[in-house]
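Visitor: Now for the letters of each chain:
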Amino acid sequence: MPQQLAIIVLVDIANALEMKTLEGNTYLFDNMKLHGSEGEGTGELVTAIHGSYWRDGSQATEQVLNWLPYSLGSIPPTVPRGYEAERARQTDRQALTELESMVAKPGSQGTPEATLTQIQQTIGTRVKTTKRTRGPAGQKVLDVTGNVISYDGAAAHSYPPPVITDVYGEAVDKKIMYPAEYGSPDMVTDGWYWSATVDSTRPGTYTYTMAIQLHRLLLQGGDWMWEPVDLTCDSKLRITSEPKRNAFTKSGLGLLPIPPA
Amino acid sequence: MPPRAKTRENGRAPISITAVLDAVGALAAGTVRGQLYMYDTNKAGGSTGFGTEELRTRVRAGDRVLWNCLALECEAFVGIAGIDIDRSVIEPERQVYPGTDVAYWIGTVKKDDIDVVPYKIHFLVGTRAEPITTTLSPTLVG
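If you read the sequences in order, they're chains G and Z.
Residue 41 in my numbering sits at position 36 of the first sequence, with consecutive numbering throughout.
Residue 33 in my numbering sits at position 46 of the second sequence, with consecutive numbering throughout.
Fair warning: there could be bad hints in the mix.
Pairs of lysine-lysine, DSSO-like flavour, derived with a Cα cap of 30 Å [claimed, not checked]:
| id | chain 1 | residue 1 | chain 2 | residue 2 |
| --- | --- | --- | --- | --- |
| 1 | G | K179 | G | K249 |
| 2 | G | K25 | G | K241 |
| 3 | G | K180 | G | K241 |
| 4 | Z | K107 | G | K25 |
| 5 | G | K38 | Z | K30 |
| 6 | G | K38 | Z | K107 |
| 7 | Z | K30 | Z | K107 |
| 8 | Z | K107 | G | K241 |
Per the computed footprint, the stretches of chain G lying under chain Z, defined by three or more beta-carbons under 8 Å from a beta-carbon of chain Z, are [to be verified]:
| id | segment |
| --- | --- |
| 9 | 84 to 91 |
| 10 | 99 to 110 |
Every beta carbon over 10 Å from chain G, so not counted as near; a handful from chain Z, in silico [said to hold, decoys possible]:
| id | residue |
| --- | --- |
| 11 | R(-1) |
| 12 | G49 |
| 13 | G86 |
| 14 | T114 |
| 15 | G129 |
Note that these hints are calculated values from the structure, not bench results.
Since this is a predicted model, take the numbers as computed values, not measurements.
Glycine included, every Cβ here is placed at the ideal spot set by N, Cα and C.
Isolated chain G (complex conformation) (with noise of 0.2 Å):
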């Protein structure tokens, strides 16, 4: 049993906000479907879990479940961390730039309304952040090739990665899970993650929910904003348990801890 299982939530954003919901798009992976996970890649993914017992019947192996949100055709999460910001941040150095060159050289590029234009299309759109929506902040509407995009409400542009703002259900009700969220330096997440610790001593299928924010570009009073939209979204673990057994030559297959002689 390996320590840490990873298991990816990918969510096809822009169907979901249409249709309201998670299910049928939402595409759930665990790294452990040779261990018998099912459902591998659909939304009805069953993670096993195998767990391992002590002579006394106590938990021998612990196992660590972490859940990572990640966003279907949208900008990656292999690109740098904070790479939305650091877009909007290269942008507007851009137009700065441009800006300068239109007044130490006027005229080099064209009439100035032609160069403003240009200048307008450099910077794009960016969303407003206000402590209530909590929405991805200093960012701008970009489009799934990381560029910038002048956003009128009509063209295409990447969704942040869905939040998971909570995990709970049977699974954690009937205390075989005990989940949480953690910061941490981690590249892939920008620093917060739902983890999770089971108690593997309590053979059975469980389900649990996740409760999941996606994200709606809305105008609002004249500024674009990243809109919350809360949905959950189920899963399932399955756990078994056998008896840790010896493997050191000479010494049997007996149980484990041996006892003193």
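Let chain G serve as the given structure and place chain Z on it in line with the hints.
Guide: Chain Z alone, transformed into the frame defined by chain G:
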């Protein structure tokens, strides 16, 4: 200030195709068969075969199609080395997200009524020198 310019070529959403690859499984097996899950963002437009190696992506002339990939384990590296497809239909080119070395492949569908156009993806996996190629064919369908 002049009115904000609108980028018209972005009016229609590009169709993103995402290949999720079990990098460890593919390296162990030497093939992506059974280790690859493909998706696109055109389910509403009629794409089918989600989560399989035979994704059928519905396209029209003028659609931009973008391919990228994700590793099942976040520590593993996967990438696309090339895409073999009928170049009279689409010519995917390798590009990078600005300011990074993270690549994607993108092209524009040249014509309608393409019927069924199969293609192959060559994947870079981990530190293996030779790309691993799809054995079952995903397709673009008209």
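Visitor: Does each hint fit the structure? Answer for all of them.
Guide: Hints, one by one, checked against the model:
1. G/K179 to G/K249: Roughly 24 Å between the alpha carbons, so the hint for G/K179 and G/K249 holds.
2. G/K25 to G/K241: holds, 22 Å
3. G/K180 to G/K241: holds, 14 Å
4. Z/K107 to G/K25: Violated: Z/K107 and G/K25 sit about 34 Å apart, past 30 Å.
5. G/K38 to Z/K30: holds, 26 Å
6. G/K38 to Z/K107: Holds - the C-alpha atoms of Z/K107 and G/K38 are around 25 Å apart, at most 30 Å.
7. Z/K30 to Z/K107: With a Cα-Cα distance of about 21 Å, the restraint between Z/K30 and Z/K107 holds, given a limit of 30 Å.
8. Z/K107 to G/K241: violated, 34 Å
9. 84 to 91: holds (count 4)
10. 99 to 110: It is violated: at least three residues are needed, and the segment 99 to 110 of chain G offers just 0 whose Cβ sits closer than 8 Å to chain Z.
11. R(-1): violated, 7 Å
12. G49: Correct as stated: the minimum Cβ-Cβ distance to chain G is 13 Å, above 10 Å.
13. G86: The assertion about Z/G86 is violated, with a minimum of 6 Å to chain G.
14. T114: About 16 Å separates Z/T114 from the closest Cβ of chain G, which puts it past 10 Å; holds.
15. G129: Holds, because the least Cβ-Cβ distance between Z/G129 and chain G comes to about 21 Å, which exceeds 10 Å.
Hint violations for this structure: numbers 4, 8, 10, 11, 13, all remaining hints satisfied.
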